[in-house]
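The lines below spell out each chain.
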Amino acid sequence: MNNAQIEIQLIASLVAVACAIPGTFLVLRKMAMISDAISHSILPGLVIGFFITQDLNSPFLILLAALTGVITVVLVERIQKTGLVKEDTAIGLVFPALFSIGVILIAKNANDVHLDVDAVLLGELAFAPFDRLMIAGADVGPKSLWIIGTILSMTIGLLIAFFKELKISTFDAGLAASLGFSPALIHYGLMTVASVTTVGAFDAVGAILVVALMIAPAASAYLLTTNLKKMLGLAISFGVFSAISGYWLAHWLDASIAGSITTMLGLLFLIIYLFAPSKGLIAVMYREKQQRTEVSLLTFLLHLKNHSETRERHVNHLQEHINWQKVRAKTVLDLALKNNMIIIDNNIVSLTQKGDEFTSKAINYIITNEDAQIEDMKDDFFLFRG
Amino acid sequence: MDKKIAVQVDDLTVAYNYKPVLWDIDLEIPEGVLMAIVGPNGAGKSTLIKAILGILKPIAGSVSIYGKPYDQQRKLVAYVPQKGSVDWDFPTTALDVVMMGTYGSLGWIKRPGQKEKKAALEALEKVGMLPFKGRQISQLSGGQQQRIFLARALVQDASIYFMDEPFQGVDATTEIAIINILKELRKAGKTVIVVHHDLQTVPEYFDWVTFLNVKKIATGPVKDIFNDDNLTKTYGINYKVSIQE
Chain A
40 MNNAQIEIQL
50 IASLVAVACA
60 IPGTFLVLRK
70 MAMISDAISH
80 SILPGLVIGF
90 FITQDLNSPF
100 LILLAALTGV
110 ITVVLVERIQ
120 KTGLVKEDTA
130 IGLVFPALFS
140 IGVILIAKNA
150 NDVHLDVDAV
160 LLGELAFAPF
170 DRLMIAGADV
180 GPKSLWIIGT
190 ILSMTIGLLI
200 AFFKELKIST
210 FDAGLAASLG
220 FSPALIHYGL
230 MTVASVTTVG
240 AFDAVGAILV
250 VALMIAPAAS
260 AYLLTTNLKK
270 MLGLAISFGV
280 FSAISGYWLA
290 HWLDASIAGS
300 ITTMLGLLFL
310 IIYLFAPSKG
320 LIAVMYREKQ
330 QRTEVSLLTF
340 LLHLKNHSET
350 RERHVNHLQE
360 HINWQKVRAK
370 TVLDLALKNN
380 MIIIDNNIVS
390 LTQKGDEFTS
400 KAINYIITNE
410 DAQIEDMKDD
420 FFLFRG
Chain B
51 MDKKIAVQVD
61 DLTVAYNYKP
71 VLWDIDLEIP
81 EGVLMAIVGP
91 NGAGKSTLIK
101 AILGILKPIA
111 GSVSIYGKPY
121 DQQRKLVAYV
131 PQKGSVDWDF
141 PTTALDVVMM
151 GTYGSLGWIK
161 RPGQKEKKAA
171 LEALEKVGML
181 PFKGRQISQL
191 SGGQQQRIFL
201 ARALVQDASI
211 YFMDEPFQGV
221 DATTEIAIIN
231 ILKELRKAGK
241 TVIVVHHDLQ
251 TVPEYFDWVT
261 FLNVKKIATG
271 PVKDIFNDDN
281 LTKTYGINYK
291 VSIQE
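Going down the list, the sequences are from chains A and B.
Note that the first sequence covers residues 40 to 425 in my numbering.
Note that the second sequence covers residues 51 to 295 in my numbering.
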C-alpha cells in the first residue's frame with residue numbers, strides 16, 4: 040500500500056465513524072430520511088459559501104452549509120406542523136427545492152466555480168490525497184483528513200458529554216422535558232452535528248454515500264443488539280469495515296470508491312437482515328413456525344384434558360378429530376413426548392402430570408394475560424415470550 | 051380543610067393549532083390526595099398533565115408547584131407518561147429505563163453511578179420487577195412495562211406523582227399491585243394525580259377526583275362530588291354508575 044491508499048482508507052474510515060454516531064440516533068428516532076434531506080439541501084449553502092470564501096475547505100463554508108442543513112430541518116417541521124401534509128411529503132418538498140437552487144447556482148457560474156454536480160453526488164475520494172494541508176510550508180496531510188478528523192473529535196466529545204441526554208430524549212421525550220432536558224435543544228443539537236458531519240464528509244464521499252454511511256451501519260447494528268452502547272459500537276465497526284473493504288473492492292474492480300463502499304454497506308445489511316440471531320428474517324420465520332407448532336401442541340393438550348374417553352385419545356383418531364395432516368400430527372406428538380407431557384400406552388394418549396399443569400397454566404395465561412406463572416415456560420416455548 | 055396546596059393551576063388555556071383543548075382551568079390540588087382525573091376522550095386529561103409539567107406551552111394561565119413555578123420545583127415532581135408514548139423496541143434494558151428516573155437529579159452531563167443504580171434496583175424490587183432487570187424492554191409484557199415506568203417514577207423520590215393512564219392495557223394483578231403502591235405513596239404524604247378511565251373503580255381507588263371536559267366541571271373529595279350529576283355534566287349523556295357502597 041502506498042501513502043495515498045492509506046490516506047484514502049483513513050479518510051473513508053473517519054467519515055464512516057463520524058456518520059455512524061449521529062446515524063444511530065437518527066435511526067432510533069425514525070428520522071433516517073432527514074439525513075437524505077440534509078445531504079442534498081446543503082448544496083446551496085456550499086455554493087454560496089464558496090462564492091464568499093473561494094475555498095472549499097474553509098470552516099466558514101462548512102458552517103454556512105451546515106446551517107442550510109439545519110434550516111432544512113426547521114422548514115420540514117414548519118410545513119409538517121401546518122397539518123396539511125405528512126412528514127415524508129414535507130421532506131420531499133423541501134430538499135429538492137434547496138438542492139435545485141444549488142444546481143442552478145453551479146450551472147450559472149460553471150466557469151468560476153470549481154464544483155460540479157457529479158462530484159457533489161458521488162464525491163471524489165480518490166482525489167482527496169492530492170489536496171494537502173500546508174502549515175508553515177510543511178505538508179501535514181490531506182485537508183479532508185483534517186476536516187473530518189476535527190468534526191469527528193467534536194462529535195465524540197459531544198456524544199460522551201451528552202450520551203445520557205441523547206438517550207433519554209430519544210427514548211422518552213416527554214420524560215426528558217419534564218426533567219428539564221429540553222428535547223428541542225437536544226434535537227437541534229443532533230441535527231447540527233448531522234449537518235456538520237454531512238458537509239465535512241460530503242466533499243470526500245458525496246451526498247449519496249453520506250446517507251448510506253449514516254443509516255446502513257446503524258440499521259444493521261439495530262438488528263443485532265438490544266444495548267444502545269453496543270449498537271453505537273457495532274454501527275461504527277460496520278462503517279469502518281465497509282469503508283475499507285469498499286475501498287479494496289473499488290481497487291479490484293477499478294470502479295468508484297464511493298459506489299463500492301455503498302455496495303459493501305448494502306451487502307452487509309442484507310447478510311445481517313437474513314441471518315441476525317433474533318431479529319433476522321430466517322430467525323423470525325423459524326420462530327413463527329415454532330409458534331404455529333406450539334399452538335397446535337396446546338390445542339392437542341387441551342383436547343386431551345377435555346376428553347377422558349379413550350376413543351377420543353387414540354393416536355389415529357387425532358388426525359381425524361383435530362383435522363391435522365399426518366406430518367403435523369406427528370410433529371406435535373413428538374414435541375409433546377419430548378417434553379414429557381404425554382404418555383402413549385397401547386396407542387392411547389394420556390396427559391402426564393407435567394402436561395396437565397402446563398395446559399392449565401397456558402390456558403390461564405391466555406385468558407388472563409397474566410404472565411407471573413409462566414416465566415419458566417418462556418425458555419422452552421416461543422409462544423410465551425410476549 | 052387546612053392543607054397545603056401541592057399544585058395550583060390558574061386560568062390555564064392550552065390550544066393545538068388555535069383550537070383550545072383546555073379552556074380556562076382553575077384547579078387546586080391539596081397535598082396528600084390520591085386524585086383521579088376523569089373525562090371523555092379528547093377532554094384534555096393528558097394535555098392538562100403535560101401543561102402542568104411544562105411539556106406543552108399554554109397560551110394563557112400559570113401553574114405553580116408548592117407556590118413556585120414548575121421550573122424551580124422539578125425535583126419534587128415525577129411523571130409517568132402513557133405507555134404507548136415510547137418505542138418499546140428501543141435498545142435498552144428494564145434497569146436502564148428505571149435509571150432514567152435519576153437523570154433529573156443528576157442534571158446535565160453528569161452520569162449515573164453506583165448510588166443511582168442502587169436506587170433503581172430498590173425501585174425495581176418495590177414493583178416486583180427485580181428478576182427482570184436485565185431484560186430488553188420489548189420482551190416485557192404490557193403490565194411489566196407499566197411497572198417499569200412506575201419504578202422509574204419511584205426512583206425520583208418525588209413529592210408529587212403525575213401518571214397518565216397507568217392502568218391501560220395491564221392485567222388485573224398488575225392493576226392491584228400498582229394501586230397498592232399508589233396508596234402507599236399517599237400514606238407517605240405524597241400527592242398522586244392519575245389520568246383514569248375506568249369510572250367503576252374511582253371510589254375504590256381514589257379519595258379525590260377532578261371532572262374534566264375541556265373545562266373543569268368539578269373537583270373535590272370523591273365522597274362529595276362523585277355523583278351522577280357531575281358525571282352527566284362531564285360525559286354529556288345521562289350517565290349512571292352503580293357505586294357499590
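Take the hints with a grain of salt, since some may be wrong.
Listed below are the simulated DSS-like cross-link pairs for lysine-lysine, each with C-alpha atoms no more than 25 Å apart in a straight line [stated by the list, open to error]: (1) B:125 <-> B:69; (2) A:69 <-> A:417; (3) B:176 <-> B:125; (4) B:133 <-> A:203; (5) A:393 <-> A:377; (6) B:125 <-> A:269; (7) A:203 <-> B:125; (8) A:417 <-> B:125; (9) B:133 <-> A:268.
In case anyone wonders, no lab produced these hints; they're calculated from the structure.
Hint-by-hint comparison with the structure:
Distance restraint check for residue 125 (chain B) and residue 69 (chain B): the Cα-Cα separation of roughly 32 Å exceeds the 25 Å cut-off, and the hinted pair is therefore not satisfied. A threshold of 25 Å between alpha carbons decides the hint, and for residue 69 (chain A) with residue 417 (chain A) the separation of about 30 Å lies outside it, so the pair is violated. Distance restraint check for residue 176 (chain B) and residue 125 (chain B): the Cα-Cα separation of roughly 21 Å lies within the 25 Å cut-off, and the hinted pair is therefore satisfied. A distance of roughly 21 Å separates the Cα atoms of residue 133 (chain B) and residue 203 (chain A); the hinted pair therefore holds under the 25 Å criterion.
Distance restraint check for residue 393 (chain A) and residue 377 (chain A): the Cα-Cα separation of roughly 12 Å lies within the 25 Å cut-off, and the hinted pair is therefore satisfied. Taking the CA atoms of residue 125 (chain B) and residue 269 (chain A), the gap is near 31 Å; set against the 25 Å cutoff, the hint is violated. With a C-alpha separation of about 18 Å, the suggested pair residue 203 (chain A) and residue 125 (chain B) falls inside the 25 Å cut-off, and the hint holds. As the CA atoms of residue 417 (chain A) and residue 125 (chain B) are separated by approximately 39 Å, the hinted pair breaks the 25 Å bound.
The straight-line distance between the Cα atoms of residue 133 (chain B) and residue 268 (chain A) is roughly 24 Å, inside the 25 Å bound, and the hint therefore holds.
Violated hints, in rising order: 1, 2, 6 and 8; the structure is consistent with all others.
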